[in-house]
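A.B. asks: Using the sequences and the accompanying hints, generate a full structural model.
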Amino acid sequence: MSIPKARRPANQSQLELGGSVRSDDFISSNVPLQLTAVIESERSWLKLGLKEVWNYRELLYFLAWRDIRVRYKQTALGALWAILQPLLGMLVFTLLFTSLSGVTTGNLPYPLFAYSGLVLWVFFANSVTYSANSLVGNANLLTKVYFPRIIIPTAAVAACVLDFFISCSLLVPLSLWYGVKFSASVLLAPIFVMLTILLATGVGLFMAALCVKYRDVRYALPFAVQLLMFVSSVITPPSLIPEKFRWLFMLNPLTGTIENFRTALFGGSLNWTSLMAATVVTLLVCSGALIYFRRVEQSFADIV
Amino acid sequence: MPPIIRVDNLSKRYRIGALQRSYFSARESLMNSLVAPFQRRRSEAESSVVWALRDVSFAVQPGEVVGIIGSNGAGKSTLLKILSGITKPTVGRAELYGRVSSLLEVGTGFHPELTGRENVFLNGAILGMRREEVKRHFDSIVAFAEIAPFIDTAVKHYSSGMYVRLAFAVAAHLEPEILIVDEVLSVGDAQFQRKCLGVMDQAAHTGRTVLFVSHNLSAVNHLCRRGIVMVAGRIKFDGTQTEAVANYLTGYNEIVSLRDRTDRAGSGEMRVVAVSINDAQGRALDEAVSGQEIDICLDYESAQGFQSSRVIAGICIKTQLDAPVFLQHNRLTRVEWGALPARGSLICRIPKLPLPPSNYRLTFSLMDGSNYLDTMDNAFELKVAEGDFFGTGEVPPATHGCCLVEAEWRLEAEGNHRQQLGESDDVDQSVTRSLA
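The listed protein sequences derive, respectively, from chains A and B.
Just so we're aligned, residue 1 is where the first sequence starts under our numbering, counting upward by one.
Just so we're aligned, residue 1 is where the second sequence starts under our numbering, counting upward by one.
Treat the hints with caution; some may be incorrect.
With a straight-line cut-off of 30 Å between C-alpha atoms, the simulated DSBU-like cross-links for lysine-lysine are [said to hold, decoys possible]:
no., chain 1, residue 1, chain 2, residue 2
1, A, Lys51, A, Lys213
2, B, Lys318, B, Lys352
3, B, Lys236, B, Lys318
4, B, Lys156, B, Lys135
5, B, Lys156, B, Lys195
6, A, Lys73, B, Lys156
7, A, Lys51, B, Lys156
8, A, Lys51, B, Lys88
9, A, Lys213, B, Lys88
10, B, Lys88, B, Lys236
11, B, Lys135, A, Lys73
12, B, Lys318, B, Lys195
13, B, Lys318, B, Lys383
14, B, Lys135, B, Lys88
15, B, Lys383, B, Lys236
Here are some chain A residues the structure puts well away from chain B; computed CB gaps all over 10 Å [unchecked claim]:
no., residue
16, Leu77
17, Asn126
18, Thr129
19, Phe165
20, Leu187
21, Lys244
22, Gly268
23, Ser287
In case anyone wonders, no lab produced these hints; they're calculated from the structure.
Bear in mind the structure is a predicted one, so any value in this text is a computation, not a measurement.
Glycine included, each C-beta is placed from N, C-alpha and C at the ideal position.
C.D. replies: The structure is reproduced here in structure tokens:
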């Protein structure tokens, strides 16, 4: 068994992006060595290092792939759960709201209303929960290997995207069953999916970083996520909310995203106010989480 | 030639609180800041901080293989973690001029539910290999690990040996310019360890720069050309690997009085409080010479009321690499002490010291029947200088054998030899074989 000679490195470097070093004979050559990493106590908190993350995209892919593999290997129903989660939710809420309280959802049959909201919601809730626990769950990686830490919670969100697409596929037979046609604006739906992914990543990053230091997050989060559902127009139309509090409802970026996602799927006019609010809040949350994460990630290995 | 690694005044501070309890609950830190807003800052200023690394500076040239040695807690792993980028230094700076791979543990990120094949790709990605690289080396990795028939079996069904072999096989195919390796060779069986050392040797001979932490001093001696000794977070010695190993080992003897040593075992009813060597005339020696007649004295004290007529005193002489050379105790020579006074010396006379010039480590033990009264490793450093063991003026160096043996050589003609053996060629051959 032999180790091949050190070869010309790929453009990717382990620590930080730097130049490449001529390597086959780099000891004897006169080419000066190039600096690939500087290790210092402080790093500018403005430096987000997104380029470095890009260099590690394969790791992101493999971690997400691992999460999916493991999740499906250990469950009897596997990918079916991706559909069962929102489907069972739909059945429960349909029973609850239509037969007991008589909520009306316009032209859209309530089951379709609930399911289209639940697919985005389940994705958001799972992503945030998985990524919040991801750093603590991968403590051995944090203390033994270097890579941009942001990869771990991001991979957890990425692993949930697949589930989302699987659960979305049920929308087609459901709408056929209820005789509702998709509108042409369905082409806009990916925008709202992207917004949800961004928001889930932002919240996930923030919670993951917080959870390294305060394990309370693990216990508080499931409860908080549960509560959030009731103010996100997932199962109830915003028309049910008293006018006075509707602005508060709108501040929740999920409200605007889910509402407009539904509109994009089944037609109607987009709610531009809620869309703008959702976009702005999502971007704020995302960039805030990113900055916070980069600032505290240096201490992860020491305290996890 | 400019260095490939430059480390300037690197220091790392840990809070002791943070070491003992790694995470906090929100309530605690909320309460702390409410109840005693200044407490943290005050305790921090006091003795609750520990410097795992203090003012460490060195430079490494391309192609150098550097062994870092030191006892547990000396800061070796912290240094490697900082150079790998895993944790930040509190003060100081390091510059690296090449692609770095660090191997602080084998099998980081292995998932028991995944198959061997899947784990190879996952672990490769974690170690910074690209998918193409892993694909290119895949067959070679599987061959190295010797697990070809099980490559599509979930790793949780592997034996621990198979697991470690596969994990190391992936790491063995890293192609960095700078390789940082923590104590990872201590896993697996002897055969596997030899294989790992072979890989490290290859890496060292292909122009890679290697930083290597190990407790295996003979591995450091063999693989490295330079050694750094760390003590309590600082660099104590930086030089050739042999000097470094010697320096590390002599460090044991800086504590002179055995009374203060806590690294002892046994009931303590009888304790050795000093070890010394005297010549035949009873004069204390700093160092002995090969072939000299010496007394090794174990000065003891026993607790009040301790009575035993079965005390066995033993000494073991070991090389610097901890290989025992010989053991001697008074049951071997059928000597009994009778009633022991409360204080005294148990003396072992060695008529002709059979050790080539070098430094040796002395381990002693006092036993009462089968119970240990007192025992201590590296209690004393026995320094042996060149001496005329054979009475011929010629002394073989310690590298050619760790003990000196009196012997006689003679020549016998072929006929005589046969007759004496009284056997056929077969025996002759088997003797030759066993010698080989």
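A.B. asks: With reference to the structure, classify each hint as holding or not holding.
C.D. replies: Going down the list of hints, with the structure as the test:
Between Lys51 (chain A) and Lys213 (chain A) the alpha-carbon distance is near 27 Å, which keeps this suggested pair within the 30 Å criterion. As the CA atoms of Lys318 (chain B) and Lys352 (chain B) are separated by approximately 17 Å, the hinted pair is consistent with the 30 Å bound. The suggested pairing of Lys236 (chain B) with Lys318 (chain B) holds, with an alpha-carbon distance near 24 Å, which does not exceed 30 Å. In summary, the hint linking Lys156 (chain B) to Lys135 (chain B) is supported, as the alpha carbons are separated by about 23 Å, within the 30 Å threshold.
In summary, the hint linking Lys156 (chain B) to Lys195 (chain B) is supported, as the alpha carbons are separated by about 24 Å, within the 30 Å threshold. Between Lys73 (chain A) and Lys156 (chain B), the direct Cα distance comes to roughly 13 Å. Compliance with the 30 Å bound is thereby established for this hinted pair. With a C-alpha separation of about 36 Å, the suggested pair Lys51 (chain A) and Lys156 (chain B) falls outside the 30 Å cut-off, and the hint is violated. Of the pairs offered as hints, the one joining Lys51 (chain A) and Lys88 (chain B) holds, with about 20 Å between alpha carbons and a cut-off of 30 Å not exceeded.
For the suggested pair Lys213 (chain A) and Lys88 (chain B), the alpha carbons sit about 17 Å apart, so the restraint of at most 30 Å is met. Annotation: proposed proximity of Lys88 (chain B) to Lys236 (chain B) holds, straight-line Cα distance about 23 Å (limit 30 Å). With a C-alpha separation of about 24 Å, the suggested pairing of Lys135 (chain B) with Lys73 (chain A) holds against the 30 Å cut-off. Only pairs whose Cα atoms come within 30 Å are accepted, and Lys318 (chain B) paired with Lys195 (chain B) is accepted, the gap being roughly 27 Å.
About 12 Å separates the Cα atoms of Lys318 (chain B) and Lys383 (chain B), which keeps this hinted pair within 30 Å; it holds. With a CA separation close to 33 Å, the supplied pair Lys135 (chain B) and Lys88 (chain B) exceeds the 30 Å bound. About 22 Å separates the Cα atoms of Lys383 (chain B) and Lys236 (chain B), which keeps this hinted pair within 30 Å; it holds. For Leu77 (chain A), the requirement that its beta carbon stay farther than 10 Å from each beta carbon of chain B is met, with the minimum near 16 Å.
Even its closest Cβ contact with chain B, about 19 Å, leaves Asn126 (chain A) beyond 10 Å, as expected for a residue assigned away from the interface. For Thr129 (chain A), the requirement that its beta carbon stay farther than 10 Å from each beta carbon of chain B is met, with the minimum near 18 Å. At the 10 Å boundary, the C-beta of Phe165 (chain A) stays outside the reach of chain B, the nearest C-beta of that chain being 22 Å off. In this structure Leu187 (chain A) is separated from chain B by more than 10 Å, as the shortest Cβ-Cβ distance comes to about 33 Å.
At roughly 32 Å from the closest C-beta of chain B, the C-beta of Lys244 (chain A) stays outside 10 Å, upholding its exclusion from the interface. No beta-carbon of chain B is positioned within 10 Å of the beta-carbon of Gly268 (chain A); the least distance is around 43 Å. For Ser287 (chain A), the shortest C-beta to C-beta distance to chain B comes to about 23 Å, beyond the 10 Å cut-off, and the non-interface label holds.
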